[in-house]
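Visitor: What follows is each chain in one-letter form.
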Amino acid sequence: MSESMNEPSLPLAASPVQHTPLRWRTTSLVGRILLQRGLQALVVAALVGTLSFLMMRMLPGDTAFRVAAARYGFDMVSAAAAEAVRAELGLALPWTDALLRWWHHLLQFDLGLSSVTGAPVIDEIVHQLGHTLRLAVAALAVSCAIAVPLGFAAGLRAGGALDRGTLVASVLLRAMPPFVLGIVLVTVLAIEWNLMPAGGHHVHGALLMPALTLGLGLAATSMRVARNAMASVAEAPYFAFARVKGLTDGQALLRHGVRNAAIPLVAYLGVQLVYLVEGVVVIETLFAWPGIGHALVHAIFGRDVPMIQGTALVMGLMFVALNTLVDLACAWIDPRVRLARGRR
Amino acid sequence: MNRRFFQFDRHGLGLALLLLIALFALAGPWLAGRAPFEQDLYGVLQAPGLHEPLGTDHLGRSMLARLADATRLSLGLALISVLTAAIPGTLLGLLAAWRGGWTARLIGTVADSVLALPGLLLVLLLSAFAPGAFWPLYVGLSLVLWVEYFRVTQATASVVFASGHVEAARLLGFGPGYVLWRHVLPELLPLLATLMSFGASAAVLALAAMGFVGLGAQPPAAELGLMMTELLPYAAEAPWIIASPIVVLTLATLALVLLSDAMQRRHA
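Order-wise, the sequence lines are chains A and B.
When you line the first sequence up against the numbering used here, it's residues 1 to 344, in that order.
When you line the second sequence up against the numbering used here, it's residues 1 to 268, in that order.
Hints are computed from structural coordinates only; laboratory data are not their basis.
Among the hints, erroneous ones may be present.
[Said to hold, decoys possible] Pair ranges (Cβ atoms, derived): (1) 332(A) to 48(B): 52 to 58 Å; (2) 101(B) to 78(A): 57 to 63 Å; (3) 53(B) to 193(A): 27 to 33 Å; (4) 49(B) to 57(A): 53 to 59 Å; (5) 12(B) to 108(A): 54 to 60 Å; (6) 46(A) to 101(B): 22 to 28 Å; (7) 43(B) to 42(A): 54 to 60 Å; (8) 159(A) to 12(B): 19 to 25 Å.
[As the list claims (entries may be wrong)] Covered stretches of chain A, as calculated for chain B (at least 3 residues, CB under 8 Å): (9) 181-188; (10) 275-282; (11) 307-318.
Just so you know, even glycine gets a beta-carbon here, dropped at the ideal spot from N, CA and C.
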């Protein structure tokens, strides 16, 4: 992937005369990205909605009694309360009508009430999403702070000691799933050296450990991508020309190196988002971080179907939204993406 | 020369590690001499010694027996989910490349919509139907992993199908079976092998992650992720006990990562 994104833009110079203005082409590209990702968001909603609907219908026991018990307390459940719930949720309807109704609610963002706490699902999720986004942003920041300088430095001297050292480190880190990395970090940093708090979120500095864990895992792969990108930039004729025409090392790197090397790195972020979203589930459970992944796991334990649907939906949509941001960032950094797609 | 040697070395190292782990999984129970569920409450959290080569856990169970059991479970799941993903994925990819048009577009749309959700999220959702059962893991992993086989097979096979030598073979009167066997498969196999080792590591990690959050294998079972959750409270007093499942999981993933890296490089 990095090779194809990194070809020098020579063909463009010889491309046919462009008739449409660049601005128009850019907006059409943005429109296309938004349309494509919008469709993906709909697929996520349909997939999560249908699975949760099946769950509601297929879990053992009478769903109406279960929901009524969760809402009104176990000693307040009567057949009348269960019937009221049955009518409200449409549980007595044939499954085709019920499915239509389920999606109707879903498309209106009516996620219902949690069947464990009785609170509206949307309120709980808004609270948890804030925590999760904080963790995700912190993890991405840690990953950039580690991967970019180390990867670029290794790429500028390909085959050097730093290159080989980071290769070994990244292979070793990649072999550790996020929770294993988390356990190792907790054992060493929190228990042995007592440097940071091991869990919770009220403690000062509690964000450090989970963010460091996720960030290190992300950095393991993006470090190699940064290194490959910089290595191919350093070999490219335009970089040599920048040096020949008299720019200093720093100037050549800033003007011609970093921007070109950033393209595959940002594109690779899209691949890493899977790791980030999956990591959030496991890391939040390990560090008792009150985010959305933690909530999903707890909802599955409690068989709280509306909550499962809400959390899975929001995590899926978060994945789509972050991917959209990555697409837009790629188009913004690399004019070739705008031109190439606009011309097609 | 030096570079080639280095790559060969990685491939060999991965293969050797994998064989060692498989050997450990098979020979472990025989070496331990105790059942993985047998408790000994007078000898909890023992350090590794001559009697118990890897020590005992918080219930006095032999770590060697449990680790071997857990490794066998992980590798078995990896093998099954690789097969259940590779076979339909490759066949559908061949079908899409052969037929093209609407068939390819339809299968491609299904593949895209599966990838709309991150894999672990899908596995978690399926596991809500039957917490603790293994089928959501198999189904979820196969559902997620077949897409890669489909895409790679379709891309490679459609290039080969359109090539001059396949056209010549068909003009000479050779059937689709011959074309598949002699022209497509040799191009495809190295790519599939890379995907397989990548998929196996994904399966091993997913099983451990599910066990770790408590939605995979359930307590008396020996499973790497579950063992880590169980032993985490004892990490301060007995770090060597929790270290052993971590080391096994890391080595297993390392072996598969090295294998897929080396193969990818060799055939890039």
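Visitor: Lying within 54 to 60 Å: is that true of the beta-carbon distance residue 12(B) to residue 108(A)?
Guide: 59 Å, holds
Visitor: With 19 to 25 Å as the target window, see if residue 159(A) and residue 12(B) comply at their CB atoms.
Guide: 21 Å, holds
Visitor: Cut-off 8 Å, C-beta pairs, minimum 3 residues; does the coverage of the region 275-282 of chain A by chain B stand?
Guide: holds (count 4)
Visitor: How about the region 307-318 of chain A: do at least three of its residues have a C-beta closer than 8 Å to a C-beta of chain B?
Guide: That given contact holds, which follows from 4 residues of the region 307-318 of chain A lying within Cβ reach (below 8 Å) of chain B.
Visitor: Could you see if the CB distance from residue 101(B) to residue 78(A) stays within 57 to 63 Å?
Guide: Distance hint for residue 101(B), residue 78(A) holds at roughly 59 Å.
Visitor: Between the beta carbons of residue 43(B) and residue 42(A), is the distance compatible with 54 to 60 Å?
Guide: 58 Å, holds
Visitor: Using the Cβ atoms, figure out if residue 46(A) sits within 22 to 28 Å of residue 101(B).
Guide: Holds: the Cβ-Cβ distance is about 25 Å, inside 22 to 28 Å.
Visitor: Does the beta carbon distance between residue 53(B) and residue 193(A) stay inside 27 to 33 Å, or does it fall outside?
Guide: 30 Å, holds
Visitor: When I compare C-beta atoms, does the region 181-188 of chain A have three or more residues closer than 8 Å to chain B?
Guide: holds (count 4)
Visitor: Could you say whether the range 52 to 58 Å given as a hint is met by the Cβ separation of residue 332(A) and residue 48(B)?
Guide: 56 Å, holds
Visitor: Within 53 to 59 Å or not, the Cβ separation of residue 49(B) and residue 57(A)?
Guide: 54 Å, holds
The structure is consistent with each of the numbered hints, conforming to all of them.
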